[in-house]
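Which chain is which? The protein sequence lines are H and D, in order.
Counting in the working numbering, the first sequence runs from -17 upward without gaps.
Counting in the working numbering, the second sequence runs from 36 upward without gaps.
Hints are supplied without guarantee of correctness; some may be wrong.
[Stated by the list, open to error] One-sided excerpt, in silico: chain H residues whose CB lies under 8 Å from chain D:
#, residue
1, Ala59
2, Arg81
3, Arg86
4, Asp94
5, Pro377
[Claimed, not checked] What follows is a list of derived Cβ distance ranges for each label pair:
#, chain 1, residue 1, chain 2, residue 2, range
6, D, Pro41, H, Phe372, 39 to 45 Å
7, H, Glu126, D, Val53, 50 to 56 Å
8, D, Pro185, H, Arg391, 31 to 37 Å
9, H, Glu126, D, Gly117, 40 to 46 Å
10, D, Pro272, H, Gln423, 24 to 30 Å
11, H, Val297, D, Asp239, 51 to 57 Å
12, D, Val337, H, Thr373, 31 to 37 Å
13, D, Leu180, H, Pro377, 28 to 34 Å
14, D, Gly286, H, Asp390, 46 to 52 Å
15, H, Val297, D, Ala52, 30 to 36 Å
For the record, the hints were derived by calculation from the structure and aren't laboratory data.
The beta-carbon is built from N, C-alpha and C at its ideal position, and this holds for glycine as well.
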Amino acid sequence: MAPHDRLTAAFPHSLAGEHPAPLLQVEALDVSYGATRVVTDVGFSLGRGRSLALIGESGSGKSTIARTVLRLLPGSAHVQGRVSFDGEDILGLSERRFRPLRGRAIGFVPQDPGNALNPVRTIGSQAMEAAALTDARDPRIARERILETFAEVGLDNPRRVFDSYPHQLSGGMLQRVLIGLAVLPRPLLLVADEPTSALDVTIQKHILDLLSRLREDLDISLLLITHDLAIAAERADSIVVLKDGSVQEAGPTATVFAAPSSPYARKLHADVPALNPDRYAALRDLGLRRLADPGQTPKISVRKLTKTFEVDGKVLTAVNNVSFSVSPGTTHALVGESGSGKTTTIRLLLGLEQPDSGEISVAGETLTGRTRRSMQAAWRHLQLVYQNPFTSLDPTWTVERLVREPLDRFRIGTPKERAEWVRAALVDVGLGAHLVTRKPQALSGGQRQRVAIARSLVLRPDVIVLDEPTSALDVSVQADIVAVLLELQAKLGLTYVFVSHDLALVRQLAHTVSVMRHGRIVEHGTVCDIFETPRDPYTAALLHSIPSSTVAPARTRSPRPAPQAVVGTAVIGQEQIA
Amino acid sequence: MNGAYPTYAAKRLAQAAVVILLAYVFTFVVVSILPGDPITSVLRNPQNGFTEEEIAQIVAAQGLDRPVLVQLWSSLSGFLTGDLGLSMRSSRPVTTMIAEVLPSTLILATSALFLAVVLAVVIAYGTQVVPKRYGQGLLRAFPSLFLSVPNFVIGLVLIHLFGFQLGLFRVINPDSAWATFFAAITLAIPISAQIAEVLIASLDHEAGQDYIAVARGRGLPPFRLFTRHLLKPSSLPVVTVIALTIGELLGGSLITETVFGRTGIGSLVQRSVSTQDLPVLQAVVSLAAVVFVLSNLIADLVYPLLDPRVKLLGARTPRTSAPKPAGATAP
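Assemble the whole structure, with the sequences as input and the hints as a guide.
Now the structure itself:
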């Protein structure tokens, strides 16, 4: 038995709470790779049973700090400073002496549950392995404890989960498994590295509720790594804001959140969609006026679209009787979780798939039932901006060639005109002319997505389909991209179809919205109506999953999950099936 | 295991049988459409010194006077019943001739494959646990070093060192255990290089995956991490490489057998080619085809056992991650 276990046994939780010595204390931490310093002079402390959020964007060093605490950094990392856990400097421990702390005293919940379990071994065998590393030596007792823990973390059928392979479970279930494995040995500290960023919104809320509940029930301290200020504010007692590896601001959640003193924390606060629903109200109003104009004929009209796929001999209806229309110059959002059919809908809209039945028309022209050749003509007016700018741009092409390609493809203009239009499109998205010779590798994520937008703009389309265009980007970059999109809409009168799972973002920029679930549209209407008075329980559940924008300073510990009436169980049910 | 596996195995087995038959027919056709029929090119070749009487006997015994299709049919039905005909030179059954030399080659090839896999796994394990400053780079250089030294050079060096200098085995007794061992090592080294290359790349990839970090974070010691977590997922591409390497094992055994003076399939091929003994060649080529098809069949059958994510042909497995365009309702 490790010494800290005896310590916890000797001091009941109430005493431990009064004990001033923090469980985890990080002092003057520096981490560098060669000459590149990724963490500079970071310090914070986390008390027993408390929660602390490290918040920052990619490259802020938050994950590096988490991995320093777990000592999971690669060998090339050079670490200086002091990390004391339960009074012991863990950086000074030998690997052999530190290993027993891993898992037993410090649990780790990773970012992407889909990749955090060995894909070729059953959940059960990996759970048994985790149990064998703790004091549960007897396999039968270990198995019982695992099944109990699985039930505790909200897994419906622990036995089935035990016998499953990771690929047979949904992301939400896998994250529950991982949390279960992390809390199985009753650790003192749980390090959760973006535990929900790879999950659907409604599942996110369940997972966060679960973490809050376990922290309270088992008196585990939580070190939460997140890029989402709204989540941090909702879930943590104190917040440390990081940028480029150094602390910008730190303090109790209420202070940092309500009255941020550093410029960076203020910017971060302003960029989170959930906290600033009306940020782009001025730009959005133009579309609202267009929407109100009764004389408009819709730019896009989708009628009774149905598409089925055969998967493993079973027929799946990916899109079921979907209809919507979009007025010119407005943004229509398709909202739903993974598997809701939103991606298939836009593939149909773009003519990348043929529907089984139904009709699509854009700008008065019917697109369905066309030959490939005449479809190509339609693509001039209908462009797509893909989700992930890190994979959607050919890494060997220059920016100029990337943006010019549609012009070359459709043989529009002379070479001189093409170069001119490329430059104009780049100016439209706010990229300087000096970037034209760069390759995607030399660009930031935000710049890449601007290139992708410029590429779709260069043909002067009427309609741009945006497939989660900001989901791979940091919040502040997302805010820039959203601003660019809305300015372009105001200037050029573009019509957008905006696919997203982020309702807070949709509230900021869309005019009308269709909520999709299981291939059907469960509810549609203007953003105002849907967000004010959702009629469908699923819509209500989605809205409920937006982190709340108000923080009560007194609520230092998150309450148990509020009863969500029928909706919550409905969503849990869906998660189990998925 | 998946309920669809027996169906999958049966399908793959049937496919393998068809491929072997086609390979046999193809070899037969290639041999029979070669310029010059065997009677004039082999039997009437003055160098071979057959008398007219002997030629007539051989032609009758081999059935060379019959139409090609009839010859194919009798040859194919012979192949299916395990009768590979008679050698043109010695008039002995080809089956017996192969049976005489096959065990020696089989022992050499299987021990070489075993040694190659062990060597590859050891090198690959080293690249994962040996720190950079203690020669990890050297370990990583081994595969390319192994590949760049020709097979026969390794063989000659080993014979010189261990046979002549250290006297571990006697060169004139090529079937002794030590001689077999060094012949197998010679054969194994270039093959282990290929396996190690793929295994190292695969280990490097898997070691960067989250689940390895999570397992380490759970407190797993390095060796258990390697054996329980890294090795199995990383061995998936290796299975394919090994199956492809079997062919090389056969080709490589020819050179190795020559260098070490062993009798085996290699020496049989060598003799048959120089005397243009077509029935023997046809048999050896078919044997190679069978070995090749079988090793790939085994790889195909092993793969789904190693990786539960593999989709079996015609299988009806409930899957959570529907393909990209799909999604929607699972009933």
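Here is how each hint holds up against the structure:
1. Ala59: Violated, about 13 Å.
2. Arg81: Because about 5 Å separates Arg81 (chain H) from the closest Cβ in chain D, which is inside the 8 Å limit, the hint holds.
3. Arg86: holds (6 Å)
4. Asp94: With a closest approach of 6 Å, the Asp94 (chain H) hint holds.
5. Pro377: violated (19 Å)
6. D:Pro41 / H:Phe372: 39 to 45 Å: holds (43 Å)
7. H:Glu126 / D:Val53: 50 to 56 Å: Holds - the Cβ-Cβ distance for Glu126 (chain H) and Val53 (chain D), about 51 Å, lies within 50 to 56 Å.
8. D:Pro185 / H:Arg391: 31 to 37 Å: violated (51 Å)
9. H:Glu126 / D:Gly117: 40 to 46 Å: Violated - the Cβ-Cβ distance for Glu126 (chain H) and Gly117 (chain D), about 57 Å, lies outside 40 to 46 Å.
10. D:Pro272 / H:Gln423: 24 to 30 Å: holds (27 Å)
11. H:Val297 / D:Asp239: 51 to 57 Å: Violated - the Cβ-Cβ distance for Val297 (chain H) and Asp239 (chain D), about 41 Å, lies outside 51 to 57 Å.
12. D:Val337 / H:Thr373: 31 to 37 Å: holds (32 Å)
13. D:Leu180 / H:Pro377: 28 to 34 Å: holds (32 Å)
14. D:Gly286 / H:Asp390: 46 to 52 Å: holds (48 Å)
15. H:Val297 / D:Ala52: 30 to 36 Å: Roughly 34 Å apart at Cβ, these two residues keep to the hinted range, so it holds.
The structure fails to meet hints 1, 5, 8, 9, 11 from the earlier list, while all remaining hints are met.
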